[in-house]
Every structure is written in structure tokens, then in C-alpha cells.
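As a plain string of letters, each chain reads:
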Amino acid sequence: MGAAVEVRGARKRFGLVQALDGVDLRIDEGEFFALLGPNGAGKTTLISALGGLVRADAGELRIMGHDVVADPLQARRSVGIVPQEIVFDPFFTVRETLELQSGYFGLRRNGAWIDELLARLDLAGKARANMRSLSGGMKRRVMVAQALVHRPPVIVLDEPTAGVDVELRQALWEFVRELNAAGHTIVLTTHYLEEAQNLCSRIAMMKGGRVVALDTTRRLLDSFSERLLRVKLARGEVPAGLLPGNGPDTAGWHRIPVQNAAHVEEALGALRAAGLTVTHVEVAEPELEEVFVKIMAREPRAGAAP
Amino acid sequence: MSPGFRTLLFKEVLRFWKVAFQTIAAPVLTTVLYLVVFSHALAGRVEAYPGVSYVQFLLVGLVMMAMLQNAFANSSSSIIQSKVTGNIVFILLAPMTHRDLFAAYLLASVVRAVAVGAGVLACVALFIPLPLPHPGWLLAFTAVGAGLLGVMGILAGIGSDKFDQLAAFQNFTVTPLTFLAGVFYSVATLPPAWQVFSYLNPFFYAVDGFRFAFFGQSDVSPWRSLAIATAALGALSFTALRLLARGTKLRH
Ligand SMILES: Nc1ncnc2c1ncn2[C@@H]1O[C@H](COP(=O)(O)OP(=O)(O)OP(=O)(O)O)[C@@H](O)[C@H]1O
Ligand SMILES: [Mg+2]
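If you read the protein sequences in the order shown, they are chains A and B. 9 is the number of the first residue of the first sequence in our numbering; add one for each residue after it. 16 is the number of the first residue of the second sequence in our numbering; add one for each residue after it.
Hints are computed from structural coordinates only; laboratory data are not their basis. Built from N, CA and C at the ideal position, the CB exists for glycine as well. One should not assume that every hint holds.
Said to hold, decoys possible - Restricting the straight-line Cα-Cα distance to at most 20 Å, the calculated cross-link-like pairs of lysine to aspartate or glutamate (DMTMM-like) are:
#1 A:K147 <-> A:E202
#2 A:K302 <-> A:D257
#3 A:K147 <-> A:E124
#4 A:K302 <-> A:D223
#5 B:K33 <-> A:E104
#6 A:K240 <-> A:E274
#7 B:K264 <-> A:E93
#8 A:K240 <-> A:E273
#9 A:K147 <-> A:D130
#10 A:K134 <-> A:D173
#11 A:K147 <-> A:E93
#12 B:K264 <-> A:D65
#13 B:K33 <-> A:D173
#14 B:K177 <-> B:E62
#15 B:K98 <-> A:E93
#16 B:K177 <-> A:E93
#17 A:K147 <-> A:E107
#18 A:K240 <-> A:E182
Unchecked claim - A short, non-exhaustive set of chain B residues, derived as facing chain A with CB atoms under 8 Å:
#19 G19
#20 R30
#21 K33
#22 A35
#23 T100
#24 V104
#25 A109
#26 H113
#27 G262
#28 K264
Extracted from the complex, chain B is given alone in its bound form (with noise of 0.2 Å):
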């Protein structure tokens, strides 16, 4: 890593920091208004898995959701917005290799996703106890989950020239992604073919594995989940750095 790797880390952070309301509190507010919605609404469903009820297994998916979603959005807006005001040639003509450029996107998109995963549990740790056998787990599930979208976000950062074309990226992938990575509901409840839709998702091992970390249950075995996630951040991460290197739609 270059000396000025530090800096851009510090930047990305205190870019949405400075904005935290937007950045964290919002997206803190919108889980949380979630949860009581779907927990009012289908509180009447029988526990997930043994001793786990709905609310306790809504909220961990639905803090696993909101760590992807603003993991992408941040790494993705930093640089589309860099590109289009045009301030990163000031990155550009820095002595940083597209190494430090990839883990100081990455690593601020983790941070953001935790401060908003870490808020939505301040919130509702009073009503909504969680058990948490395995913090290991948790760790392991945070990083490779907001890791992922973070790559993901650096990915349409990169390949955006436009705004809506990003905007659109995020709707027609990340949202469906999310959306159906059995945040609301197990999916050994849903018919086999969805089945198959959802063990094709990466998104929906992050979300597992994490369930796994609180509740020491979930429907595929954390191991597998792990592998598989950390096989999509690496086959992400490779193109990425990939891309950097060359300066792709960066450097013309």
C-alpha cells in the first residue's frame, strides 16, 4: 500500500460522515420502519426455525439487507459522482496504485455498512433480544457480505458514465439480488424451482450465514456459505482490480 492509501480511506469515511444523516440515519430509519411494517403484518407466521421467532429472524436479515444495499451505494456513488464532477483527476494524479484505490473504496464501503447495520440494532436491541452464539460468524459475514457489494459498487462506479445508468444498475441487480435473498422468509419454505433461484443468489449466503452467527441455525451450512461468498467477492474483486489497473473508463 502507498502512503496515500490512508488518506483515501479517511476521505471515502468522512465523505458519508459528513452526510451521516443521509448516509446512516436514513437508511437506519427505513430497516427499522420495515420491521415493525412486516413484523406488525406477519406476525402471525410460525417461527422460522425452532425457538427463533419471526421478528428476531426479520430483523437479522433485514440488518444483513441494509448493510448490502448502503455498501453498494457507497463505493458506487463516491465514484460516480468523482467521475462526473470530474474532482478524480485529483486522485488520478496521485502516486496511489489501483490497489490502494480498490481497499480504500472497499474498506469505506464496510465501514458504512456497519455504522448502519451496528444503527439498526442499537435501535431495536431493547425490544428485540437476539441471542449471538457465534460472533465469529458475525465478523466473517459482515466482511464478505458488505465486501461483496462493496466490489459490486466499485464495479458500476467504474462502469457508469452517467447516473441513471447507475441508478439503473442498482435497480434491475442489487435491488432484485436483495430482494430475494430470503431477508423475509426461509427459503426451505419456498417450492423447489425458487429454491434453485435463491442457491444461485450470492447475496443470499451473506444473508444465511449471518442468521447462522445469531441464531447457530440457518438453511445451508455456514461453511458452504462462506465458500461461496468469498468465491463471488474474489471473482468480483479480480475484475475490479482488473479494470483499475488499466484505468478503464478512468484513465481515457
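Chain A with its partners taken away, still in its complex shape (with noise of 0.2 Å):
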């Protein structure tokens, strides 16, 4: 399968930051890919860079096979990217932002499609309204919208879920992974990272410019973060070398690192055996923030002036 966006050695630096510090990275066609990492990573200016928002100081992009800055108007064909800051026209009505911009693309009769994305998006009832009178996540509703109208085979979206309702979060996500499953490469960031955790199949973290971390969901998790059987106890001191850590925590939760069922009978018994009574069971399944918060604290403070 090919290359839906192929990354090398971009670098980019706005006076004394460098916000693409050499990032390489490949996406293939088809994946639903997070692109992750704190505020200043660098993931924003990688995905103008991509959009030829940002021009790279060095380094190789591409979409769909084509080179951002000797192809453009092809690589801009190709990807349909959702800005993170919420910006829009005053001066005209969603449905008349939805038809200029397919226009853009060249594409006249696109009503079909505007139709379904408006429909698709909740925004039906709002097609005549002018940009203004929306709301902030009516607003980003129709900035994503826009950036489907000549439905790009690569989806970029940068925090298209913040400050937009849990519901329409939902029926987002359920948007995407359709448009993920009929063949549409996806790439978001997002800083709820259980988001990522649940959709994507593939994460890169951004940390200073660089990725710090990629690899797939399952091994993210698998290799950082572990699964935890959490108990409180009625009473009684915790025999030494029963339970791993140093305590309870402030709310009185023993954490116990176990791998499956067998092993969480083996704890439960051992506890049982030394005559303690467990008050409260918990099975904590691995999640995508403790990994994100050890691979972020295992790199060093980069981005900072050197």
C-alpha cells in the first residue's frame, strides 16, 4: 500500500523556536493515525507544513506521492485539512462557505454533497444562517465540512473535538471512521487521548519538534502502560511483599500490576490468605495517557533554546 503522507527530515523554525526539529514520518493509506504530543510540539506547523500554510525550512513532504512545494496544487487536492484555530468568513452564509470553497476546487455541482455533508455534520437547519450568528462548534463544524467538500482522500484534523458537544463529538467520530472505512486516510491530534486510544490504529508522539514515539496503539499500550488490578482493603496492616508500591494511594486504592484473569485469582487469594478484607475491586484496562505522560517525561526538556 502506498504513502499517503510521507515526511522526511522536515525542519522548521520561527525566529528562535524550532518547531519541526527533523521529523520523519509515513503514513499509509487507509490508517486513522493520531499525531500527539503537548502545546508547542510542533504538531500544528507539521500539518501547515503539509497544507503549504507553513513553508519548511528543509525536508521532504509529501500527499499522495506528490511533493508539497513542487507540486502543490496536486498535494493540495489531495488532503482536506481542519485548522485548529476556529476561523471563518463574516460575510457569507454556511451554505454559500460550503459551495465557495468546493469552488475552489473547481467542482460546480457539488449540492449532492454539501447536501449530505450538512446533513452528516447537523448543520442542515443552519445552512442559511450567516457564519456569524453559529456558535464555536457550529462553527468548527462547518470548517470541517469544508475541508471534505472535494473529498480529499487524506482527512487532516487538528482538535476537531475541542469545545464541541459530546454528541456531535460522537456523531463526528462515527463520520470519520466511515469515511475512514471507505478508503480515506485519517491523521488527527487531539489532547483527549482517550480519543486516540479508541480510533486510531497508529500513534506518533511530538515532542520539541521531533517524534519522540510511533508505533501502533496496541504496543504503545502494551509496552508503557500495564494493566492494574486496584483493591481497597477493609482494615489491617498489608503484609510486606504481598502487595507491589508504596501504599494506597489518598483515595485508599492498592495497585496491582497483573497481565490476565489467572492473575488477578492469584492476587485476590493471596490477600484473602493473609486474613485482609477487600472492600472495593477495580480492573483498570492500560490507557493512552500514562503512556503519554512516560514517554513525555522520559525526553529531555527539548524545544527550549539550545
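With the hints as a guide, bring both chains together as one complex.
Here you go:
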């Protein structure tokens, strides 16, 4: 399968800030990919460089094989980007906005697809409303629709769910999942890590303009996070060596790493055998948040001026 | 031209048309007021050219002045607004070339200028008859004059990051150059030093050539005016196209 996005040695400096410090990345066609990282990691800069909004100082960026510098028109036709910042043209209505955006891509009879986008993003009732009169979340949905007017093979969403209510967030992800199932490559950034964990099959984590982790979601979870059995005990001292770690947390939970159900049985059996009464039991699945925190902690404070 | 050009041009025209009260009616009214006030105050002036009353002379100059100012206003305000609000990204993300952007902003400026100029003439045509012996020159100087200011507006819009920078550019270049372009007087009546100053002002040639179209008389030969104004237009267009191609101050 071909590469939907290919980035080699991308560098970009803004004054003193090295926003991209040699990024290498390959995203295959059909992937559902997350680009994660703390504020200022360089995610938006990388996305902007892919869309031609930012000119990289060095390196090569391709979308569906089209170099964004040498062949910008084909590259731009191949990608739909939802910018992070909410922006809109106050002169136009929602429908006009989408018709104009279609026209910029040379699509003159795009009404049926625009109707579908409006319906799927729950904007049909607002089609004739002026952009100015929409709430923040609605404006963001219009931006999603704008990025999709030309049915781009690669769809890049830069924090599309910031400020979008729960119901619509779910509707949006369902729509994006369908687009992915239909063959579109999806790249998203988000600070809601559980979204990335549930949706994306592969994840890149950035910090200080560099990719500091790149793997499948599964492998990242397996290697950096563990399934935890969490228990609360009624009373009594816990014999030394029975439970790992340094005692209960502030809420009184003890945490025992477990791999599978047999381990859970075993641990609970040991507690019972020691005469302890277990009042609460929980099994916590591995969480991307933990992976993220660990990876960021092991990285030196990159991004600061050298 | 990429297919997107047509839509961008349409959008740029729609943008001012939706607020035509401010973008067309207001400048038409201002220009008519100038005409009423100045022609009254300066009614005693001698004919600028034989057989051409001062009011006729002034009217044609004011029409060109309004066209120049509105051509500049259109492209500069559209670009600065979309930069400041950020919605220029939707244009930059679309598959359009720098030539598409240039042509669309430029032509929309010319359309707005023509709408304002025609508006002024329509308001006063009944009261102030104008001969028009050379309609071809009318088209030529409308295109070159409005085009010149449309391109200046593109340059000013690209160069400015804030509205007040754009306003400064307008107040210190466009406004003085339009006022000193021989709208209110024939430069032949000026002292020689001031004449030289006028001959260095490209806007003067747009105004002077435009008058030739209406009266068959002007301070400078229309061919010469056309050549100079076109050269200025060409030089500024070349600069604007280069900036757009590089993405200067647009693609960071
Ligand atoms: N146009 C610009 N001018 C100057 N500095 C910039 C510009 N754009 C980005 N930067 C800087 O580059 C760095 C990376 O910013 P970027 O927006 O790519 O981060 P991000 O990963 O998207 O962060 P966030 O999660 O907050 O959106 C930051 O230090 C930022 O201040
Ligand atoms: Mg960002």
C-alpha cells in the first residue's frame, strides 16, 4: 500500500523556536493515525507544512506522492485540513461558504455532497444562517465540512473536537470512521487521549519538534502501560511483599499489575489468605494517558533554545 | 488559470456587493457631494479647456478619483480582513496558483471601481452633459487606472499585518497621490515645480487620459499617459506576482 503522507527531515524555525526539528513520518493509505504531543510540540506546524500554509526550511513532504513544494496543486487536491483555530468569513452563510470552497476546487455541481455534509454534521438547519451567527462548535463543524467538500483522500483534523459537545463529538467520530472505512486516510490531533486510543491504529507522539514515539496503539499500550488490579481493603496491615508499590494512594486504592484473569484470582487469593477483607475491586485497562506521560517524562526538555 | 479562479473572483465581487451600501452607494454619494460643493465654490473658474466647463472637467476627474480609491479599497481590505480573521487559510489550502489569486483580487477591484464610477455618472448625467468622443480610451484608462490601484491594494494587503498599517499606507501614499493627480485643476495651470511633481505621479496619467476620452483634450498625449500608467501597472504587477508566488507574509 502506498504512502498517504510522507515526511522526511522536515525542519522549520520561527525566530528562536525550532518548531520542527527533523521530522520523519510515513502514514500509509487507509490508516487512522493520531499525532499527539503537548502544547507547542509542533503538530500544527507539521500539518500547516503539509497544507502549504507554512514553508518548511528543509526536508521533503509528500501527500499521496505529490511533493507539497514541487507539485502544490495536486498535493492540496489530495488533502483536506481542518485548522485548529476557528476561522470563518463573516460575509457568507454556511451554504455559501461550502459552495465557495467547492468552487475553489473546481467543483461546480457539488450540491448533493454539500447536502450530505450538512446533514451528517447536523448543520442542515443552519444552511442559510450567516457564519457570524453560529456558536463556536457549529463553526468548527462548518470547518470540517469545508475540509471535506472535495472528498480528499487524506483528511487531517487538528483538534476537531475542541469545544464540540459530547453528542456531536460522537456523531463526528462516527462519520470520520465511515470515511476511513471508505478508504480515506485520517490523521488527527487531539488532547483527549482516550479519543486517540479508541480510534487510531497508529500513533506518533511529538515533543519539541521531534517525533519521540511512533508505533501502533496496541504496542504502545503494551510496552508503556499495564493492566492494573485496584483494590481497597477494609482494615489491617498489609504484610510486606504481598502488594507491590508504596502503599495505597490518597483515595485508599492499592494497585497490583496483572496480565490476565488468572493473575487477578491469584492476587485476590493471596489477600484473602493473609486475612485481609477486600471492600472494592476494579480492573483498570491500560491507558494511553499513562503511556503519554511516561514518554514525555523520559524525553529531555526539548524545544527550548539550545 | 485554475478552475478555482472563477469562484474566487465571484466571491470577491459578492463580498463587496453584499455590502453595496457601504462599498458603492457611500463613495458615489461622497463623490457627488464633492462635485456639488467644489463646482459651487469654484463656479467662477475659467474653462479648463476650450469648450469644457469647470464642472465637466471636475466631474470627470472626480469619477477617476473615486475609481482609483475604491479599486485600492477593495483588494486591500479583502486581503487584510482575511489575514486578520485568519480565513485566508481556506484560499491558501485550495488548489489555486499565485496567478489565480492575483487575477481574482485585481479584477474584483476593477469591477468595484467601474460600479462606483458608473454610479457617479448615472447620478449626474442628466444635469451635466458629457461628450465622449473616444470611448476606447475610456475603457483603456478605466482598466489601467483601476488596475493600478487594485494591484497597489494587493501589495498593501500583503504587506500589512494590521488594519492601522494599511490605513497608514493609504493615508500617506494613495490619498496624497490621488489628490495631487490633477483632479481639481489642470496641471498646466500649476507653477513649473509643481508640474514636475505631477508628472512623477502615475495617478495623474490615469486622470489625464480619462479626460481625453471625454473631451478629446488633455494635458499630456493619451498615448504617453497610457504608456506611463501601463508601465507602472506592469512593474507593480510583477512585484505583486512575485510576492504571491513566494507566499511572502501569507505562507509563513
Ligand atoms: N507563525 C508562528 N510564528 C512564530 N512561532 C510559531 C508560529 N507557529 C508556531 N510557532 C511556534 O512553534 C512551536 C510549535 O507550535 P505548534 O502550533 O506547531 O504546536 P502544537 O503542537 O500544534 O501545539 P498545540 O497542542 O498547542 O496546538 C510553538 O513554540 C509555537 O509558539
Ligand atoms: Mg496545534
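Earlier hints that do not hold, by number:
1, 13, 14, 18, 22, 26 and 28
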